[in-house]
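Could you build the full structure based on these sequences and the hints that come with them?
Using our numbering, the letters of the sequence shown correspond one by one to residues 1 to 209.
One should not assume that every hint holds.
With beta-carbon atoms standing in for the labels, derived distance ranges [stated by the list, open to error]:
| id | residue 1 | residue 2 | range |
| --- | --- | --- | --- |
| 1 | Leu183 | Met88 | 31 to 37 Å |
| 2 | Ala64 | Ser15 | 47 to 53 Å |
| 3 | Asp63 | Leu22 | 47 to 53 Å |
| 4 | Ile184 | Ser128 | 19 to 25 Å |
Calculated directly from the structure, the hints in this document are not laboratory data.
Where is the CB? At the ideal position from N, CA and C, for every residue including glycine.
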Amino acid sequence: MKFRSTVRTAVLDRSDVFVLWLFAVLAALVGVAALVTAVTAIGGLFGDAVPVTLSTVMPVPADAATGTATIVSGSFDRADVVVSGIDMGARFALAGSIAVSALTTAIVAASIAALCRAVLRGRPFVRSMTWLLATASITLIAGTLIAAGLDTAAMFSIVAALNPDPMDAVFPFMSEYDFGPLLIGLVLSVVATAFQLGQKMQRDTEGLV
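See below:
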């Protein structure tokens with residue numbers, strides 16, 4: 001008599017099943033929302049005026065406070081502006097950044113939904129799940145870097161078009177990077193390795209009486 005996995009019957013109760021289905025549905029909704037939002041955002045990049053968020057350093061006016069408290073000092077570091085006259089290169093770079101970010105989110109969301117489904121079926125430690133998690137990890141790391149690079153190139157082009165003289169620029173060029181997705185990608189790679197080990201252990205237990 002061969003050993004059979006009893007993950008679902010031995011571990012998952014109704015609350016576990018509910019939570020896993022909830023995570024799967026939420027992940028699917030996040031993926032779809034990311035794609036729909038990206039399509040809408042990309043469509044708005046090819047009109048006469050393009051909304052962008054630029055870095056700036058502007059002081060907060062002292063008369064902004066009208067109550068009993070007084071503003072001693074302050075500044076704005078972001079400005080939401082609508083710009084016209086942007087060249088097509090910057091527009092395509094922005095579109096590429098948005099598209100890559102959305103596809104990355106959708107792939108990771110699909111991986112989470114597939115993982116939840118595999119756990120619900122009682123067979124999480126299969127080769128397809130290991131490859132899926134590894135693909136999600138690589139996609140998240142590479143997609144985040146590519147999207148950030150395209151966004152940086154677009155912002156540099158827009159800032160240069162607005163203020164050709166960097167010494168007298170209202171919107172100085174600044175590049176920022178969020179390391180959060182990179183860390184999540186590394187965590188996913190560790191999880192993929194753990195699943196690979198689990199798959200090996202599951203193979204070793206097959207055939208036990």
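### Numbered hints the structure breaks, given as an ascending list
none
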